[in-house]
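Participant: Chains as they are written, first to last, in the numbering used here: chain A, 23 to 217; chain B, 1093 to 1169; chain C, 23 to 227.
No lab work stands behind these hints, which were simulated from the structure alone.
Note that CB positions come from ideal geometry on N, CA and C, so glycine has one too.
Where hints are given, some of them may not hold.
[Claimed, not checked] Result set (DSSO-like, lysine-lysine): computed pairs, CA atoms no more than 30 Å apart in a straight line:
no. : chain 1 : residue 1 : chain 2 : residue 2
1   : B       : Lys1118   : A       : Lys125
2   : B       : Lys1156   : C       : Lys216
3   : B       : Lys1117   : C       : Lys82
4   : B       : Lys1118   : C       : Lys226
5   : B       : Lys1157   : C       : Lys82
6   : C       : Lys142    : C       : Lys24
7   : C       : Lys142    : A       : Lys192
[To be verified] Listing some non-contacts, in silico: residues in chain A with all C-beta distances to chain B over 12 Å:
no. : residue
8   : Leu33
9   : Gln39
10  : Ile116
11  : Thr155
12  : Val174
13  : Arg181
14  : Asn186
15  : Pro188
16  : Leu191
17  : Met204
18  : Ile206
19  : Phe211
20  : Ile217
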Amino acid sequence: MNFGDYIALGLYAILIQNVMLTQFLGACPFLGVSKKSQSAIGMGLAVIFVITLSSIMTWSIDHFVLIPQELTYMRTIVFILIISGVVQFVEMFIKKTAPIIYKMLGIYLPLITTNCAVLGVALINVNQEFPFTKMVVYSIGISVGYALVIYVFATIRERLENANIPKSLKGTPIALIVAGIMSIAFIGFAGVIEI
Amino acid sequence: MQVLWIALLLTGLGAFFAIGMYLNKKTPLPEGYDLPSLKCEHCTSSTCAYSDTNRVQEIKAAIKKDCEEGEINANSN
Amino acid sequence: MKTKQNFLKGIFSENPVFVLMLGMCPVLAITTSIMNALGMGVAFTIVLIMSNVIISLIRKLIPNEVRIPAYIVVIATLVTIVDMLMHAFTFSIYESLGIFIPLIVVNCVVLGRAEAFASKNNVFASFIDALGMGIGYTLAITILSAIREFFGAGTLLGYDVTPLNLIQPATIFIIAPGAFITLGLLLGGINALKNARTKSAEVKE
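If we strip away everything but chain A, and leave its shape as in the complex, we get (with noise of 0.2 Å):
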């Protein structure tokens, strides 16, 4: 694969399959976190480190561990417990290094352990069995779709308290229906890249 090959699948993996909009992944803190654009901001930040990391460490575990031992049924455990770690591990190193980032972003850390999101590109990864550096352009393109639609859509919400909405539809619904109005708009992108 040449350059171009992974800039198509990094567009193909922000935008066209939309880890939020278009496979549903990650939609509790979508919904519970967008409500200011400065959590959401954190949020999405959180999300393409944790994201990143814990998409290589699991994969290598999977491609020189679990595959070789035909241990595939191990897979959610030790997923998961990875996840969990790496969780920890970037929580003290964003605490000893970048302070600021992490009064930006702090309490939404721990919360990324049980992000759907997390899990579910993991599991897609090995799934259908990309090699490295494809799978390392796919976590990226990922999270930063992620970061993309939750900041989107967290500027649409403060905007939103200004409306003029009826009483039944304020709060959760009126949100929802926001959300698929965007995922309408995403369907636009369907078919531009292949991959």
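Put chains B and C on the given structure of chain A with help from the hints.
Facilitator: Only chains B and C this time, still in chain A's reference frame:
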């Protein structure tokens, strides 16, 4: 043979997690940072032991008011 | 709290999908047909009941610091077992559910009930709580998928119910945006019912 690998994997990853958690607990929080209880704001469960949302506080205030009224009535009788 | 109240709260007042809004990832992705929703609901209820019971049994043995990883390991083991059983016995549902069966491990409802309820109550109460939550979850996703399947494909449980092709199904309900919009409108409808009920209760007083 497989059982050996499973045991090795589980203990290795458990140790990895334990080390991570230990180092995490040791490093102090950055200065001027208070851990806000944002996590429970969106949940509306009243049976959760950790929830301190507005609804639960309203219920607690109402119970307190009832108790005080009951005391006043008992004292005046 | 009493058993009946414990059981009914999972279905009505604290329904995990409509009230607590936890564990939304499978709700949006699975509800394309009633068969998928029922399969997911049953798998979810089994995992929830067994994890609540087991965690309630061992709650005194786990030190407080490591309780979350311990819960996650227990739930992951149960999910692996359920995954393999589904792979063997109900292969068509297993294929259409895809990666959402392993994702029950990180479902906020399972972990949340373990942390908030099973770690503090005895086995029977935890069992009833899990049963109520599981049934509430299954009911919620079945209703959602019935709406989506009927309007989106004109079938119910695979049987064609649109008479003589008079009504053309609207594909938007089956693809991705339909999940968001249907769930949003359903939640809006439930809110409207709640508001009407509180308003009539206020008028009565």
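Participant: Each hint needs a verdict: does it hold in this structure or not?
Facilitator: Hints, one by one, checked against the model:
no. : hint                 : in the structure
1   : B:Lys1118 x A:Lys125 : holds, 18 Å
2   : B:Lys1156 x C:Lys216 : holds, 27 Å
3   : B:Lys1117 x C:Lys82  : holds, 23 Å
4   : B:Lys1118 x C:Lys226 : violated, 59 Å
5   : B:Lys1157 x C:Lys82  : violated, 36 Å
6   : C:Lys142 x C:Lys24   : holds, 15 Å
7   : C:Lys142 x A:Lys192  : violated, 35 Å
8   : Leu33                : holds, 33 Å
9   : Gln39                : holds, 28 Å
10  : Ile116               : violated, 10 Å
11  : Thr155               : holds, 25 Å
12  : Val174               : holds, 20 Å
13  : Arg181               : holds, 20 Å
14  : Asn186               : holds, 24 Å
15  : Pro188               : holds, 21 Å
16  : Leu191               : holds, 18 Å
17  : Met204               : holds, 20 Å
18  : Ile206               : holds, 26 Å
19  : Phe211               : holds, 30 Å
20  : Ile217               : holds, 32 Å
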